[in-house]
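K.L.:
One-letter residues, chain by chain:
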Amino acid sequence: MQRILMVGKPNCGKSLLFNQLTGLRQKVANYPGITVEITRGKCDKFELVDLPGAYSLNGLTRDEVIAVEEIRRSVAEPDTAMVLVVLDATRLAQSLVMGLQVQSLAFKHNKPVMFALNFIDEVKRVGEVIDTEGLSKALGSPVLPLSARSLDGLHEFKQGLLDMAGEPERYATEGATAHEEAAERSQELAKEFGIQHDIVLKNQNRIDNFMLNNWTGGVMFIVVMFVLFQSIFTLATPLMDSVEGFIESLAAGTSAITSEGVVHDFINDAIFGGFGSFLVFVPQIMVLTLIIGLLEDSGYLARAALMCHRPLSFFGLSGRSFIPYLSGHACAIPAIMAARTIESPHKRLITMLTIPLMSCSARLPVYALLVAVLVPADKTFLGVFNMQGAAFFGLYFFGIFMALVVSQILNRFLPRDLEKTDMPFILELPTYRLPHWKPLFQRVINSGIMFIKRAGPIIFMVSVGIWVLGYFPLNSTLQDSWLGQIGHFIEPVFTPMGLDWRYGVAILMSFLAREVFVGALGTLFGLEGADEDVAGLAERVQADGLATEAGLGLMLFYVVALQCVATVAMLKGESGSSKLSWGLYVAYGLLAYTIAVAVNQIGGLL
Amino acid sequence: MTLWELGKSKSATVTQVDTSLDQQIIARLSEMGLSQGRSVQCVRRGPLGGPMVMQLGGSVFAIEHDLASRIQISPTE
Chain H
1 MQRILMVGKP NCGKSLLFNQ LTGLRQKVAN YPGITVEITR GKCDKFELVD LPGAYSLNGL
61 TRDEVIAVEE IRRSVAEPDT AMVLVVLDAT RLAQSLVMGL QVQSLAFKHN KPVMFALNFI
121 DEVKRVGEVI DTEGLSKALG SPVLPLSARS LDGLHEFKQG LLDMAGEPER YATEGATAHE
181 EAAERSQELA KEFGIQHDIV LKNQNRIDNF MLNNWTGGVM FIVVMFVLFQ SIFTLATPLM
241 DSVEGFIESL AAGTSAITSE GVVHDFINDA IFGGFGSFLV FVPQIMVLTL IIGLLEDSGY
301 LARAALMCHR PLSFFGLSGR SFIPYLSGHA CAIPAIMAAR TIESPHKRLI TMLTIPLMSC
361 SARLPVYALL VAVLVPADKT FLGVFNMQGA AFFGLYFFGI FMALVVSQIL NRFLPRDLEK
421 TDMPFILELP TYRLPHWKPL FQRVINSGIM FIKRAGPIIF MVSVGIWVLG YFPLNSTLQD
481 SWLGQIGHFI EPVFTPMGLD WRYGVAILMS FLAREVFVGA LGTLFGLEGA DEDVAGLAER
541 VQADGLATEA GLGLMLFYVV ALQCVATVAM LKGESGSSKL SWGLYVAYGL LAYTIAVAVN
601 QIGGLL
Chain G
1 MTLWELGKSK SATVTQVDTS LDQQIIARLS EMGLSQGRSV QCVRRGPLGG PMVMQLGGSV
61 FAIEHDLASR IQISPTE
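Residue numbers (full-length UniProt numbering), protein chains in the order written: chain H, 1 to 606; chain G, 1 to 77.
The shape of chain H in the complex, shown without the other chains (with noise of 0.2 Å):
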């Protein structure tokens, strides 16, 4: 198939235009370690070809120069029937360097090219026009007004393009001049054919001047992230659930029909319990994915960096690693996602470094019963607050804590790309726009099949090997069984953190996800369904006598440790390495044992 390649620059409507193209079938293809991302569909009997945002033809990041590589190989194949430019009409000065440099490349490959002049509605809006005919004159290939979002002129365009790309020849580029010097010549270009900045501008410093402002710029932050937090738990949660509600009826129907034993055990147990137990979260990634994408979209997400910089800067982090953090709090998998908009490839990897001692969702049953086995329910705290609540935002700060510390060493001792540049902080602020609900929703799909695609054979894997260690031999309880055995054999690995086997079992069995941490103690001290009652565990973790101090060191060790293999399966598909991946669950896992078991001993003495 003849195949249609479409460039531009971040923020130029390149993926709305894709998607009034395309419809909604499209193929997502990424590539691992970096935030490069093509997008493919069909468009009539071409196949238009969405390749990564780019600035500049000249990459400066690692991420940068594999996009432009692409661009270059498309460009060249033969298959590439021609070149798809688009512009923001609003500002053409900076989308045309990235456009001139496209077109000479496309030039010296004999393909014709196109400029789609979008965002024209809004140059409409504020009552100017732009001589597409002189411009088009000026650039030696033709440029199509259109707006993406309210349609305008797409019908004529579409029309266009596909006679280009039907007759690439008649568009002959021989004899064509292509400008070299991008960067003087699309300055003398928006000069002469760009719209008046001021008027254009005039709204979005208006709005900046209360955003960016420093107290209601504030307020509006606080605002908008506590609106974030507050919908990842009201929005996923009954979606959770009727996710495990139908893994449950799947789960009863399908035990229905298999006999007793070891098939019917393995796949309610197993497949069922271990792995369904993992789909529950595409849900919340998937919200999570919507809430950042209408940040980003709408333009507020360049504001939130740019005043989280100056303070993350410290830690040796960007602006843009706030959102991820935030996000970190629900589930540490889509806030590995959203640091792909980090612009130094260094900071963004001590940022999904870090992710994981956010306190995801996950450790909350985890808390929830270390806290109400701690701290008595009706103790004040100054009189005012609740002390079992103030034990938990204790734990979501220890988690903030260490994750700067960490932030603060890994930037001090972690190597540099030498080979490549780091960017400074220069960041553009767009223009402040209503999100459209195509590219949102292409995004949330693909977070959840990327998500499942990645973690999905880890986790299938671990839940197996955990069924039959805890299952075998035959008949066995899960004190006698293998597991148990195991929980025996290493007991004196947890002796020092004042814990016994019965810990060590559920501590073990949690490596697969935290809150199975609640559910396997609950089956050791012999209460089924602990999951519902964590009031009743909790009473009989205090009858049996948990220590207070080997009770906080445990808490501190679930703030740590990465105890969650679908987050190694992310960032080992987002760093590229899965040396570095597997090295952090050892490297926290370390960390939170040595925590745990000085809370502990220094407990004791005192």
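No wet-lab data here; the hints were simulated from the structure. Cβ atoms here follow ideal geometry from the backbone N, Cα and C, with glycine treated the same way. Hints are not guaranteed to be accurate.
What the hints assert, rightly or not - In silico lysine-lysine, PhoX-like type, Cα no more than 25 Å apart, as pairs:
1) H:Lys202 to G:Lys8
2) H:Lys27 to H:Lys45
3) H:Lys438 to H:Lys158
4) H:Lys124 to H:Lys191
5) G:Lys10 to H:Lys579
6) H:Lys124 to H:Lys108
7) H:Lys42 to H:Lys27
8) G:Lys10 to H:Lys191
9) H:Lys111 to H:Lys42
To be verified - If you want a taste of the chain G side facing chain H, the calculated C-beta under 8 Å gives, among others:
10) Gly7
11) Ile26
12) Ala27
13) Glu31
14) Leu48
15) Gly49
16) Gln55
17) Phe61
18) Ser69
19) Pro75
As the list claims (entries may be wrong) - Taking CB as the label site, the calculated pair distances span:
20) H:Tyr432 to G:Pro47: 16 to 24 Å
21) H:Asp44 to G:Ser20: 22 to 30 Å
22) H:Leu24 to G:Gln16: 18 to 26 Å
23) G:Gly7 to H:Ile458: 53 to 61 Å
24) G:Gln23 to H:Ser578: 32 to 40 Å
25) G:Gln16 to H:Leu151: 26 to 34 Å
26) G:Ser69 to H:Pro415: 26 to 34 Å
Put chain G on the given structure of chain H with help from the hints.
P.N.:
Chain G only, in chain H's frame:
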């Protein structure tokens, strides 16, 4: 004076971008419109030494101290 010293709502022309910066970064800045002879306007100053916001051609950028202090400007009326 440097870009970092530019007050709110004041305009200036870029006179020089620190040549000790990485060549690739200088090239990128020039593609963004930040090079000798271009005019910039400070839109707002951040609190506590946070990034400043400037208007450059048709776009608005936030730029941090480390970079802004390496760009020489001459103020215009």
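K.L.:
Could you run down the list of hints and mark each one as holding or not?
P.N.:
Evaluated hints:
1. Of the supplied pair hints, the one linking Lys202 of chain H and Lys8 of chain G holds, its CA atoms being roughly 15 Å apart against a limit of 25 Å.
2. Between Lys27 of chain H and Lys45 of chain H, the direct Cα distance comes to roughly 16 Å. Compliance with the 25 Å bound is thereby established for this hinted pair.
3. For the hint linking Lys438 of chain H to Lys158 of chain H, the alpha-carbon distance of about 18 Å falls within 25 Å, and the restraint holds.
4. For the hint linking Lys124 of chain H to Lys191 of chain H, the alpha-carbon distance of about 18 Å falls within 25 Å, and the restraint holds.
5. As the CA atoms of Lys10 of chain G and Lys579 of chain H are separated by approximately 51 Å, the hinted pair breaks the 25 Å bound.
6. As the CA atoms of Lys124 of chain H and Lys108 of chain H are separated by approximately 35 Å, the hinted pair breaks the 25 Å bound.
7. Restraint check for Lys42 of chain H and Lys27 of chain H: the C-alpha separation of about 10 Å stays at or below 25 Å, so the hint holds.
8. For the proposed pair Lys10 of chain G and Lys191 of chain H, the alpha carbon gap of about 22 Å is at most 25 Å, so the pair holds.
9. Proposed proximity of Lys111 of chain H and Lys42 of chain H is supported: the alpha carbons are some 20 Å apart, at most 25 Å.
10. The interface hint given for Gly7 of chain G is violated, since its Cβ lies 16 Å from the closest Cβ of chain H, which is over the 8 Å cut-off.
11. Taking 8 Å as the C-beta cut-off, the interface hint given for Ile26 of chain G is violated, the closest approach to chain H being about 11 Å.
12. Given the 8 Å rule on beta carbons, the hint for Ala27 of chain G holds: about 6 Å separates it from the nearest Cβ of chain H.
13. For Glu31 of chain G, the interface hint holds, the least distance from its beta-carbon to any beta-carbon of chain H being 5 Å, beneath 8 Å.
14. This hint holds: Leu48 of chain G has a C-beta 6 Å from the nearest C-beta of chain H, less than the 8 Å allowed.
15. Here the hint on Gly49 of chain G is kept, as its CB sits about 6 Å from the closest CB of chain H, short of 8 Å.
16. With 8 Å as the threshold, the beta carbon of Gln55 of chain G comes within range of chain H, its nearest partner Cβ sitting at about 6 Å, so the hint holds.
17. For Phe61 of chain G, the shortest C-beta to C-beta distance to chain H is roughly 6 Å, which falls under 8 Å, so the interface hint holds.
18. Annotation: interface hint on Ser69 of chain G violated; nearest CB of chain H at approximately 11 Å, more than 8 Å.
19. Taking 8 Å as the C-beta contact cut-off toward chain H, the hint placing Pro75 of chain G at the interface is violated, the least distance being around 19 Å.
20. Look at Tyr432 of chain H against Pro47 of chain G: about 22 Å separates their beta carbons, and that is inside 16 to 24 Å.
21. A hinted range of 22 to 30 Å for the beta carbons of Asp44 of chain H and Ser20 of chain G is inconsistent with their spacing of about 52 Å.
22. The hinted range of 18 to 26 Å is not satisfied by Leu24 of chain H and Gln16 of chain G, whose Cβ atoms lie roughly 50 Å apart.
23. Separated by about 55 Å at the C-beta atoms, Gly7 of chain G and Ile458 of chain H satisfy the suggested range of 53 to 61 Å.
24. In this structure, Gln23 of chain G and Ser578 of chain H meet the distance hint of 32 to 40 Å, their C-beta atoms being roughly 35 Å apart.
25. For Gln16 of chain G paired with Leu151 of chain H, a C-beta distance near 46 Å fails the hint of 26 to 34 Å.
26. A hinted range of 26 to 34 Å holds for the C-beta pair Ser69 of chain G and Pro415 of chain H, which are about 27 Å apart.
The structure fails to meet hints 5, 6, 10, 11, 18, 19, 21, 22 and 25 from the earlier list, while all remaining hints are met.
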